[in-house]
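Residue numbers (UniProt numbering), protein chains in the order written: chain A, 1 to 372; chain R, 1 to 372.
Please note: incorrect hints may appear among the correct ones.
[As the list claims (entries may be wrong)] With a straight-line cut-off of 35 Å between C-alpha atoms, the simulated DSBU-like cross-links for lysine-lysine are:
| hint | chain 1 | residue 1 | chain 2 | residue 2 |
| --- | --- | --- | --- | --- |
| 1 | R | LYS201 | R | LYS82 |
| 2 | R | LYS150 | A | LYS82 |
| 3 | R | LYS82 | A | LYS82 |
| 4 | R | LYS7 | R | LYS306 |
| 5 | A | LYS82 | R | LYS327 |
| 6 | R | LYS327 | A | LYS7 |
| 7 | R | LYS82 | A | LYS306 |
| 8 | R | LYS201 | A | LYS82 |
By construction, these hints were calculated from the structure, which means they are not laboratory data.
2 protein chains.
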Amino acid sequence: MPSISLKTPSASYDVTLGTSLLKTLRQRITRATGSRTSRIFFVTSPALWKLWGEAVTESFESATVLFLPAGESHKRFASVEKLLEQLARNGADRDSILVAFGGGVVGDLTGFLAAIYMRGIRVVQVPTTLLAQVDSSVGGKTGVNLAAGKNLVGSFHHPVAVIADIDVLQTLPKNELRAGLQEAIKSGVIRDPKLFSFLEKNADKVLAGDTKALQTVVDRSLRVKADVVNQDELENGLRMILNFGHTIGHAIEAATKYTVLLHGEAIGWGMIAAIRLAEQRGAMSEKDAKRVVDLIHRYGPLPAFKAKAERLVELSAGDKKNRGGAKRFILPTGIGTVEIVTDVTEDELLAATSAMLQEMSAMTKTKKQVKR
Amino acid sequence: MPSISLKTPSASYDVTLGTSLLKTLRQRITRATGSRTSRIFFVTSPALWKLWGEAVTESFESATVLFLPAGESHKRFASVEKLLEQLARNGADRDSILVAFGGGVVGDLTGFLAAIYMRGIRVVQVPTTLLAQVDSSVGGKTGVNLAAGKNLVGSFHHPVAVIADIDVLQTLPKNELRAGLQEAIKSGVIRDPKLFSFLEKNADKVLAGDTKALQTVVDRSLRVKADVVNQDELENGLRMILNFGHTIGHAIEAATKYTVLLHGEAIGWGMIAAIRLAEQRGAMSEKDAKRVVDLIHRYGPLPAFKAKAERLVELSAGDKKNRGGAKRFILPTGIGTVEIVTDVTEDELLAATSAMLQEMSAMTKTKKQVKR
Ligand SMILES: NC(=O)c1ccc[n+]([C@@H]2O[C@H](COP(=O)([O-])OP(=O)(O)OC[C@H]3O[C@@H](n4cnc5c(N)ncnc54)[C@H](O)[C@@H]3O)[C@@H](O)[C@H]2O)c1
Ligand SMILES: NC(=O)c1ccc[n+]([C@@H]2O[C@H](COP(=O)([O-])OP(=O)(O)OC[C@H]3O[C@@H](n4cnc5c(N)ncnc54)[C@H](O)[C@@H]3O)[C@@H](O)[C@H]2O)c1
Numbered sequence: 001m002p003s004i005s006l007k008t009p010s011a012s013y014d015v016t017l018g019t020s021l022l023k024t025l026r027q028r029i030t031r032a033t034g035s036r037t038s039r040i041f042f043v044t045s046p047a048l049w050k051l052w053g054e055a056v057t058e059s060f061e062s063a064t065v066l067f068l069p070a071g072e073s074h075k076r077f078a079s080v081e082k083l084l085e086q087l088a089r090n091g092a093d094r095d096s097i098l099v100a101f102g103g104g105v106v107g108d109l110t111g112f113l114a115a116i117y118m119r120g121i122r123v124v125q126v127p128t129t130l131l132a133q134v135d136s137s138v139g140g141k142t143g144v145n146l147a148a149g150k151n152l153v154g155s156f157h158h159p160v161a162v163i164a165d166i167d168v169l170q171t172l173p174k175n176e177l178r179a180g181l182q183e184a185i186k187s188g189v190i191r192d193p194k195l196f197s198f199l200e201k202n203a204d205k206v207l208a209g210d211t212k213a214l215q216t217v218v219d220r221s222l223r224v225k226a227d228v229v230n231q232d233e234l235e236n237g238l239r240m241i242l243n244f245g246h247t248i249g250h251a252i253e254a255a256t257k258y259t260v261l262l263h264g265e266a267i268g269w270g271m272i273a274a275i276r277l278a279e280q281r282g283a284m285s286e287k288d289a290k291r292v293v294d295l296i297h298r299y300g301p302l303p304a305f306k307a308k309a310e311r312l313v314e315l316s317a318g319d320k321k322n323r324g325g326a327k328r329f330i331l332p333t334g335i336g337t338v339e340i341v342t343d344v345t346e347d348e349l350l351a352a353t354s355a356m357l358q359e360m361s362a363m364t365k366t367k368k369q370v371k372r
Numbered sequence: 001m002p003s004i005s006l007k008t009p010s011a012s013y014d015v016t017l018g019t020s021l022l023k024t025l026r027q028r029i030t031r032a033t034g035s036r037t038s039r040i041f042f043v044t045s046p047a048l049w050k051l052w053g054e055a056v057t058e059s060f061e062s063a064t065v066l067f068l069p070a071g072e073s074h075k076r077f078a079s080v081e082k083l084l085e086q087l088a089r090n091g092a093d094r095d096s097i098l099v100a101f102g103g104g105v106v107g108d109l110t111g112f113l114a115a116i117y118m119r120g121i122r123v124v125q126v127p128t129t130l131l132a133q134v135d136s137s138v139g140g141k142t143g144v145n146l147a148a149g150k151n152l153v154g155s156f157h158h159p160v161a162v163i164a165d166i167d168v169l170q171t172l173p174k175n176e177l178r179a180g181l182q183e184a185i186k187s188g189v190i191r192d193p194k195l196f197s198f199l200e201k202n203a204d205k206v207l208a209g210d211t212k213a214l215q216t217v218v219d220r221s222l223r224v225k226a227d228v229v230n231q232d233e234l235e236n237g238l239r240m241i242l243n244f245g246h247t248i249g250h251a252i253e254a255a256t257k258y259t260v261l262l263h264g265e266a267i268g269w270g271m272i273a274a275i276r277l278a279e280q281r282g283a284m285s286e287k288d289a290k291r292v293v294d295l296i297h298r299y300g301p302l303p304a305f306k307a308k309a310e311r312l313v314e315l316s317a318g319d320k321k322n323r324g325g326a327k328r329f330i331l332p333t334g335i336g337t338v339e340i341v342t343d344v345t346e347d348e349l350l351a352a353t354s355a356m357l358q359e360m361s362a363m364t365k366t367k368k369q370v371k372r
């Protein structure tokens with residue numbers, strides 16, 4: 001079973017990746033947490049638990065399950081309070097362990113619960129979406145949303161183990177799978193040309209949910225994430241490259257009030273904008289740019305949305321990734337390499353965003369013509 | 001100005017102690033935080049701000065003030081959410097600084113806000129109660145209450161500076177002052193015989209609020225706390241000694257639903273119970289025990305309360321300080337020395353608690369007789 005090591009100044013743990021891992025979940029958790037385990041609390045969503053609850057608890061004699069309704073709208077403070085009270089009422093103590101079984105929403109919120117309950121208890125991440133497996137379950141970022149903005153509250157709190165079972169992806173809705181694959185493309189562009197080629201050559205298999213192909217994609221994407229986090233846990237430098245596509249991606253999500261696109265889909269469009277900016281600057285060749293944009297669309301379709309370029313640029317300025325004045329931008333310079341730059345002008349951003357929006361509207365028109 | 005250094009694996013900062021510090025607060029904060037400061041947000045309580053707001057903001061050109069109503073009942077999750085939303089709406093970013101101006105309630109909650117807003121921003125503690133100056137503002141413990149129990153939620157998040165101005169204690173209600181002095185007695189008993197003697201010899205001055213005497217008490221108590229935290233930030237060992245008197249103290253607070261006694265008063269009774277237990281064991285001489293109990297009463301009166309010994313012992317078992325099975329107890333062995341023991345039996349605890357309760361009822365009777 002391939003396992004990937006995270007080693008940061010504040011934590012050290014393994015990500016185990018494979019198939020049929022749920023069968024032996026109890027043993028895997030015990031191995032990671034040792035004997036100092038009083039009780040295990042699962043946090044998950046009702047529909048997901050219906051699909052997988054039996055398999056998950058096969059290796060357990062008993063289990064306490066706390067439910068968080070599915071969806072981004074439940075990743076908020078009120079849910080945190082409710083679950084904390086449930087933990088306390090059910091006798092969770094400092095030696096209890098939370099197991100997040102779900103996508104990024106369950107993972108982020110459960111990680112945050114673990115970070116603050118009794119000033120920190122242990123959490124095991126069992127990610128069930130592609131996005132959670134390749135990205136959110138690893139690296140210690142936890143958080144919830146405020147009415148005033150997404151992920152405005154949170155902690156750095158690493159899991160003691162991540163157990164990613166490829167099998168659970170079988171029930172993942174196809175659009176969720178495709179959205180997660182945009183993050184895999186991101187990993188390829190910023191740091192792993194082999195992953196990028198693999199995604200090009202094996203698109204059919206990957207999109208059909210072929211287990212072996214998916215495992216390769218998750219494995220390589222995870223290694224990119226782990227490698228980056230190991231070098232810069234707290235996002236003071238290198239870790240920022242994981243935000244490739246996120247400047248405009250986040251703005252798109254905000255402009256569409258998080259209802260039109262999945263996160264990965266917004267990042268897909270955001271990456272296209274970043275690629276156009278890189279092309280305009282001459283930082284990336286036309287040929288490489290075309291390969292990236294083609295791959296993003298190959299893993300689409302990315303849904304169209306309505307937003308003005310000016311508005312997106314405006315919203316991108318409020319992105320919390322931008323400290324004080326200097327706006328950092330992750331500029332792709334080839335397939336597998338990016339640079340962090342601070343001299344991107346508003347005009348450049350506007351031009352790139354407009355180019356991306358034009359592409360979108362051209363595609364929408366083509367589709368309509370085809371339909372007729 | 002005496003300044004005490006905190007140096008732990010995760011943080012390093014100074015506690016500045018003195019008089020007339022508020023006048024130059026702005027400069028002091030800037031010195032501690034450097035140029036990377038976009039905006040300052042004060043968190044305080046309305047009545048306290050009425051007394052001191054002008055003095056606090058004298059050195060500021062402008063200030064945003066967020067209010068938390070006074071009292072333990074507001075140290076809870078709903079307040080956290082409300083204040084987080086206010087921070088976001090007022091444009092707080094990663095470079096913003098929170099300044100907690102208040103007692104332990106404001107300090108604990110503001111520290112928690114700072115711990116989780118945007119995964120951690122900086123906080124300056126400006127403690128205004130004796131308890132906050134000698135204890136809660138230093139050491140990085142932050143937290144709020146759940147309906148299910150006190151301080152069940154929180155983080156370790158150190159301030160970047162603590163600025164303790166003795167002047168502000170002038171408006172502190174006398175019972176709050178006395179309650180805080182119980183924590184100073186605690187510091188003396190666990191680690192500083194000179195502080196203990198000082199409290200014995202200067203009781204009149206200290207209780208009258210004499211600035212110089214109070215400054216000595218705060219200074220020495222703080223050094224005890226800093227020294228302990230510097231050696232064991234995360235309470236894996238030594239730091240537990242700060243919980244002397246807290247096993248039964250917390251139980252008293254819970255039994256009386258936090259409405260009859262101030263925290264320090266409950267700790268006063270809790271210390272008496274611990275002293276009786278030490279005496280019964282022969283761990284502490286009768287003479288030393290008498291000195292401690294006399295001093296506790298000298299800084300009283302500790303209000304009487306109603307609770308059965310059995311109930312207190314039962315409640316003490318639920319104290320979150322007790323990991324898994326082994327119950328740790330801080331056993332005084334002399335004036336200035338304690339031991340962490342794990343072999344205290346329920347019977348011993350019951351006997352000691354009963355002795356404490358008998359003492360209380362004897363005192364109440366005496367008082368009644370005097371009144372007649
Ligand atoms: N912490 C980080 O570093 C990080 C990184 C990226 C994204 N995120 C966060 O992740 C969240 C998005 O996560 P997500 O994309 O996983 O969405 P999600 O958690 O909302 O899951 C998507 C949907 O799929 C369902 N689902 C999950 N697994 C399933 C399965 N195996 N079979 C069937 N249905 C399944 C879920 O119940 C949900 O309805 C966002 O809140 C984002 O902010 C965090
Ligand atoms: N973090 C820690 O390490 C730690 C340690 C001990 C206690 N605590 C916490 O501290 C809290 C108790 O703190 P506290 O005793 O300071 O009580 P508090 O914060 O409730 O203050 C007591 C009262 O005095 C008022 N007040 C404060 N300063 C004043 C002043 N200078 N003049 C006039 N009025 C003033 C307050 O508004 C309040 O009404 C508890 O919640 C406890 O859990 C935390």
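How the hints compare with the structure:
no. : hint               : result
1   : R:LYS201 - R:LYS82 : 46 Å, violated
2   : R:LYS150 - A:LYS82 : 16 Å, holds
3   : R:LYS82 - A:LYS82  : 16 Å, holds
4   : R:LYS7 - R:LYS306  : 42 Å, violated
5   : A:LYS82 - R:LYS327 : 29 Å, holds
6   : R:LYS327 - A:LYS7  : 33 Å, holds
7   : R:LYS82 - A:LYS306 : 32 Å, holds
8   : R:LYS201 - A:LYS82 : 51 Å, violated
Hint compliance for this structure: hints 1, 4, 8 are broken, all remaining hints hold.
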